[in-house]
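Combine both chains into one complex, guided by the hints.
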Amino acid sequence: MAVLTRDETDALIAEVLEVYPEKAKKDRAKHLAVNDQSVEQSKKCITSNRKSLPGVMTIRGCAYAGSKGVVWGPIKDMIHISHGPVGCGQYSRAGRRNYYVGTTGVDSFGTMNFTSDFQEKDIVFGGDKKLAKLIEEIEGLFPLNKGISVQSECPIGLIGDDIEAVSKKASASFDKPVVPVRCEGFRGVSQSLGHHIANDAIRDWVLDKRDGQPHESTPYDVAIIGDYNIGGDAWATRILLEEMGLRVVAQWSGDGTLAEMMNTPKVKLNLLHCYRSMNYISRHMEEKYGIPYMEYNFFGPTKIIESLRKIAAFFDDSIKEKCEQVIARYQPMMDEIIAKYRPRLEGKKVMLYVGGLRPRHVIGAYEDLGMEVIGTGYEFGHNDDYDRTIKEMGDATLLYDDVTGFELEEFVKRLKPDMVGSGIKEKYIFQKMGIPLRQMHSWDYSGPYHGYDGFAIFARDMDIALANPVWHNMTPPWKKTSDAENEAIAA
Amino acid sequence: MANIMIRQAEHGGLSFYLPKRDLEASIESIEFDTPEKWGGELKLDNGGAYYIEPIARPPRLPISLRARRLGAAED
Ligand code: SF4
Numbered sequence: 001m002a003v004l005t006r007d008e009t010d011a012l013i014a015e016v017l018e019v020y021p022e023k024a025k026k027d028r029a030k031h032l033a034v035n036d037q038s039v040e041q042s043k044k045c046i047t048s049n050r051k052s053l054p055g056v057m058t059i060r061g062c063a064y065a066g067s068k069g070v071v072w073g074p075i076k077d078m079i080h081i082s083h084g085p086v087g088c089g090q091y092s093r094a095g096r097r098n099y100y101v102g103t104t105g106v107d108s109f110g111t112m113n114f115t116s117d118f119q120e121k122d123i124v125f126g127g128d129k130k131l132a133k134l135i136e137e138i139e140g141l142f143p144l145n146k147g148i149s150v151q152s153e154c155p156i157g158l159i160g161d162d163i164e165a166v167s168k169k170a171s172a173s174f175d176k177p178v179v180p181v182r183c184e185g186f187r188g189v190s191q192s193l194g195h196h197i198a199n200d201a202i203r204d205w206v207l208d209k210r211d212g213q214p215h216e217s218t219p220y221d222v223a224i225i226g227d228y229n230i231g232g233d234a235w236a237t238r239i240l241l242e243e244m245g246l247r248v249v250a251q252w253s254g255d256g257t258l259a260e261m262m263n264t265p266k267v268k269l270n271l272l273h274c275y276r277s278m279n280y281i282s283r284h285m286e287e288k289y290g291i292p293y294m295e296y297n298f299f300g301p302t303k304i305i306e307s308l309r310k311i312a313a314f315f316d317d318s319i320k321e322k323c324e325q326v327i328a329r330y331q332p333m334m335d336e337i338i339a340k341y342r343p344r345l346e347g348k349k350v351m352l353y354v355g356g357l358r359p360r361h362v363i364g365a366y367e368d369l370g371m372e373v374i375g376t377g378y379e380f381g382h383n384d385d386y387d388r389t390i391k392e393m394g395d396a397t398l399l400y401d402d403v404t405g406f407e408l409e410e411f412v413k414r415l416k417p418d419m420v421g422s423g424i425k426e427k428y429i430f431q432k433m434g435i436p437l438r439q440m441h442s443w444d445y446s447g448p449y450h451g452y453d454g455f456a457i458f459a460r461d462m463d464i465a466l467a468n469p470v471w472h473n474m475t476p477p478w479k480k481t482s483d484a485e486n487e488a489i490a491a
Numbered sequence: 001m002a003n004i005m006i007r008q009a010e011h012g013g014l015s016f017y018l019p020k021r022d023l024e025a026s027i028e029s030i031e032f033d034t035p036e037k038w039g040g041e042l043k044l045d046n047g048g049a050y051y052i053e054p055i056a057r058p059p060r061l062p063i064s065l066r067a068r069r070l071g072a073a074e075d
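Residue numbers (full-length UniProt numbering), protein chains in the order written: chain A, 1 to 491; chain B, 1 to 75.
Here chain B stands alone, though its shape is the one from the complex (with noise of 0.2 Å):
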């Protein structure tokens, strides 16, 4: 598990990153995206994969979660 944080892109969509490794990526897909569950498999655009606990959607962005990652590491 690794600490991870969601915030608003600049130009729409959502941005991933991961503070321990320094690793800013867009996400390009996201499971759940209802009011009422958002979250699941995150797809990122350099290939990696998380997964996150699905939540209510955060009323406000920026968002620090715990995320595991699947699959093997992406650099």
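Isolated chain A, as found in the complex (with noise of 0.2 Å):
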């Protein structure tokens, strides 16, 4: 049950487009929707995947973010260069928590930036022998890398600098794969499109390297795609498939390796987790190599039972049944936590914001603690996420696309959730406004969430969140006393 009703909804979101000038609002009424589960089609109600409008404050990143941040970074055994000023990546960096194993600055650089810092006169007058320059000293710093990808910053597109050119012919002298790529902040309308260019890049100088060549496999090679090991989530997931019988030879992108991305096309299945970021190659691998793939949902244990079967479809009875056998060992478990955390749960409200996968993912994990999610929205989301996503939510629930600042503080005040589950950028805002708030995209510096181990922890937080007695403590003393009515009245 929504809490609201569809006609209060629909009345809700044009309330708060009231403020916006007429051209503003016709523009963001396309973006807000009301949930109905019996549209076939997303874009029936909801447009998504355009330009943010001038003015309002968007949660979006760049092409960079999409590629640098997203695609790329966590491959731990390259080094991916920050083509172009030093702020893009310094800001960024280390800031997604891409768990990984190895020893940062010896055969590992996940946490590193490393930059060619473009000064005035690089721009004038091409930053081409800087690169050259750059990947040298790499070389000779940090020769256990793997590889080095070059991740263009604006300026490399608009002052038309040829990296192609310089990384190959750095590949061919250090006989090392040096991958350009042209993921410019100002390509496309959010970091969407720079997932599909890394992607693309990755199909074009990474992913054929190793065919023809010989690869001892199994019948139960799989690839885990999409899944950026935050905060630990791959390992959470890998267990559980090497549980079931299945060999993982490839973890995309979270504590993944170059070696990992060139022996995937081997594998019999690619399972891809976040759709939004790796659907493009998985595509790819299905139509070159004849890889079929499966979207398949790790959080919560109704969703995770329910991929675990459908994982195990792909393979033999002996699959099937060690999947069975995973699912019956870790019931007991489940069990005791939903025991313990759903009835101090029931029935809370959250309202989503994040990216990717997430805002229609972990509905499922919500729901077997008895909470519900009344709202939720991607940042940069396409048709075919929202398409997905309207099944999984209730009726009447609201759908927000690139939601700006102001449109979810309205939301929120007006719905009045027990949580909200955003990034760090709304932290602040709803907490101060009296709302807990969970960070979806970094677990706020806990998880994984991933997988059975996941669960638990998420249960934990989630309660954490709840029960933090500050929450009862929003009125400051002197204002209790005197003002006990006005509060009354106010609330």
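Be a bit skeptical, because a hint or two may be false.
[What the hints assert, rightly or not] Below, computed lysine to aspartate or glutamate pairings styled on EDC-like, alpha-carbon distance capped at 20 Å:
1. B:LYS20 / A:GLU287
2. A:LYS169 / A:GLU136
3. A:LYS43 / B:ASP22
4. A:LYS30 / B:ASP22
5. A:LYS416 / A:GLU136
6. A:LYS268 / A:GLU216
7. A:LYS391 / B:GLU10
8. A:LYS268 / B:GLU10
9. A:LYS310 / B:GLU53
10. A:LYS288 / B:GLU10
11. A:LYS320 / A:GLU306
12. A:LYS349 / A:ASP395
13. B:LYS20 / A:ASP204
14. A:LYS391 / A:GLU367
15. A:LYS43 / B:GLU36
16. A:LYS288 / A:ASP208
17. A:LYS44 / A:ASP395
18. A:LYS146 / A:ASP208
19. A:LYS30 / A:GLU410
20. A:LYS288 / B:ASP22
21. A:LYS43 / B:ASP45
22. B:LYS43 / B:ASP22
23. B:LYS43 / A:GLU40
Since the hints were made in silico from the structure, they are not lab data.
Owing to the predicted nature of the structure, the values given are computational and were not obtained by experimental measurement.
Here you go:
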């Protein structure tokens, strides 16, 4: 049950849009919708993947963020050069908590920032020479790197540097892959195009490098695609797959390596978690190598069980059998968690605003705890994401695409959820309003949330956030006594 | 002309994908659907229509093809 009826939600949207000028109102209205489960196609009710309105607060990133920050960044044994001015890389450095094993600075480079630090003269005279020199220096200082990627920032495209030529030359002289990525921030409307560009770069420069080479494969080889190992997510996923008897050949790209990417075309099945950022490469592998891909969801026991069975269905009976054993083994643990937390969390309402796969994937996990998601939205989703969301969300709940700071605040004020799941930029706004917020990008420095182990942590974290005694102390003591009446009226 | 990809949809039927615009839609009807002649006009569930040169039915999907848009751009 949603908090508001369909008409009320419609009225709410109209009311919130009231403050905008005519043109902006018309544009934003297309991005806000009341969910209707009977709609087959999201485009009939919501528009997505459009340029944000100038002047509103959006929390989108740029194509560079999508490529360097999301897709390429976590490949730990490669060095990713943020090519251009220093800021883009430095301010996003190590922000995504992609865990990895390795010795940073020796054989792994995940949390380090490499940049060509463009100055005025590089903009005026071009930065190709600098890039060539930089790659040479990297080779001298970090000889154990397995490859280099050149992640273009805005100026590279603007001044027309030829990073492809530099990369090819460097690649030939060091006999290592050097991958130029044309992910300048101004391309596209959000980080989403950056994912696409990064996927295409992997396709063109990495994926086919081991074609035709012998590979000891088993019938149970799979790859985890689109898991960035935030707080250890991919590990929590991998354990389950291995317990099922599958062999995980590659992890993309959390805790991943270049060799794993090159070996991926030899697997039997691609398991795709974040559809938004990695569907491109999965489609490519399906066509070129005939590897089917399957979207799965490892948030919360209901979805995990569903996904495990779906995965097992691709394999023989031995896997199916082991899959059931895995499910049975973890069931008591899940029952215990739900018995503990459900009574504490039952009926609580959540609003989400995140990116990638989470606006729809975590719904099941909340429902397992008896909580309800009453509003959700994607920063940079496309129609196909909303297609997949409509069925997951309750009727007459709110959907918002690329929601602006103002709109989200107003929606939260009106719908009064018990908790908001969004990012750091929203966290303190809502907490000051007295609403607990869990960061659903970085798991609020906790995690993992994937898999059975992750669900235990997820449940605990949600309980911690809601049960925090601070929420009873939102009114300062001096106001409590004198203004108790006013308080009651205002509330 | 645009590059498109046609794949087997999870629950039967065909799905259409236009990488350039990241557009995914299901194919409602295909003009020719015999082993020797496959293709022609594709009607999509989003209201759009595309034309692919008829070919022999591909032995394996997905397949990337060149397609021409019929009618106005849908979104
Ligand atoms: S938009 Fe351009 S300048 Fe800004 S962070 Fe992205 S790449 Fe850097």
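We went through each hint and held it up to the structure:
1. Of the pairs offered as hints, the one joining LYS20 of chain B and GLU287 of chain A holds, with about 17 Å between alpha carbons and a cut-off of 20 Å not exceeded.
2. At roughly 11 Å between alpha-carbon atoms, LYS169 of chain A and GLU136 of chain A fall within 20 Å of each other, so this suggested pair holds.
3. For the suggested pair LYS43 of chain A and ASP22 of chain B, the alpha carbons sit about 13 Å apart, so the restraint of at most 20 Å is met.
4. This hinted pair checks out: LYS30 of chain A and ASP22 of chain B have alpha carbons roughly 19 Å apart, not beyond 20 Å.
5. Of the supplied pair hints, the one linking LYS416 of chain A and GLU136 of chain A is violated, its CA atoms being roughly 56 Å apart against a limit of 20 Å.
6. Distance check on the hinted pair: LYS268 of chain A and GLU216 of chain A sit about 13 Å apart at the alpha-carbon level, within 20 Å; holds.
7. Using a Cα cut-off of 20 Å, the hinted pair LYS391 of chain A and GLU10 of chain B holds, with the two alpha carbons roughly 16 Å apart.
8. About 17 Å separates the Cα atoms of LYS268 of chain A and GLU10 of chain B, which keeps this hinted pair within 20 Å; it holds.
9. Only pairs whose Cα atoms come within 20 Å are accepted, and LYS310 of chain A paired with GLU53 of chain B is rejected, the gap being roughly 36 Å.
10. Distance hint between LYS288 of chain A and GLU10 of chain B is fulfilled; the C-alpha atoms sit about 18 Å from each other, no more than 20 Å.
11. Taken as a hint, the LYS320 of chain A and GLU306 of chain A pair is honoured in the structure, with Cα atoms around 13 Å apart against an allowance of 20 Å.
12. A threshold of 20 Å between alpha carbons decides the hint, and for LYS349 of chain A with ASP395 of chain A the separation of about 14 Å falls inside it, so the pair holds.
13. Distance hint between LYS20 of chain B and ASP204 of chain A is fulfilled; the C-alpha atoms sit about 16 Å from each other, no more than 20 Å.
14. Distance check on the hinted pair: LYS391 of chain A and GLU367 of chain A sit about 14 Å apart at the alpha-carbon level, within 20 Å; holds.
15. As the CA atoms of LYS43 of chain A and GLU36 of chain B are separated by approximately 35 Å, the hinted pair breaks the 20 Å bound.
16. Proximity of LYS288 of chain A to ASP208 of chain A is assessed by CA-CA distance (about 10 Å); at most 20 Å being required, the pair is judged to hold.
17. Restraint check: the Cα-Cα separation between LYS44 of chain A and ASP395 of chain A comes to about 16 Å, which is no more than 20 Å; the hinted pair holds.
18. Of the supplied pair hints, the one linking LYS146 of chain A and ASP208 of chain A holds, its CA atoms being roughly 16 Å apart against a limit of 20 Å.
19. Restraint check for LYS30 of chain A and GLU410 of chain A: satisfied, since their Cα atoms lie roughly 17 Å apart, inside the 20 Å limit.
20. Taking the CA atoms of LYS288 of chain A and ASP22 of chain B, the gap is near 19 Å; set against the 20 Å cutoff, the hint holds.
21. At most 20 Å may separate the alpha-carbon atoms for a hinted pair to count; LYS43 of chain A and ASP45 of chain B meet this at roughly 11 Å.
22. Distance hint between LYS43 of chain B and ASP22 of chain B is fulfilled; the C-alpha atoms sit about 18 Å from each other, no more than 20 Å.
23. Taking the CA atoms of LYS43 of chain B and GLU40 of chain A, the gap is about 16 Å. The hint holds against a cut of 20 Å.
In the structure shown, a violation is registered for the earlier hints numbered 5, 9, 15, in ascending order.
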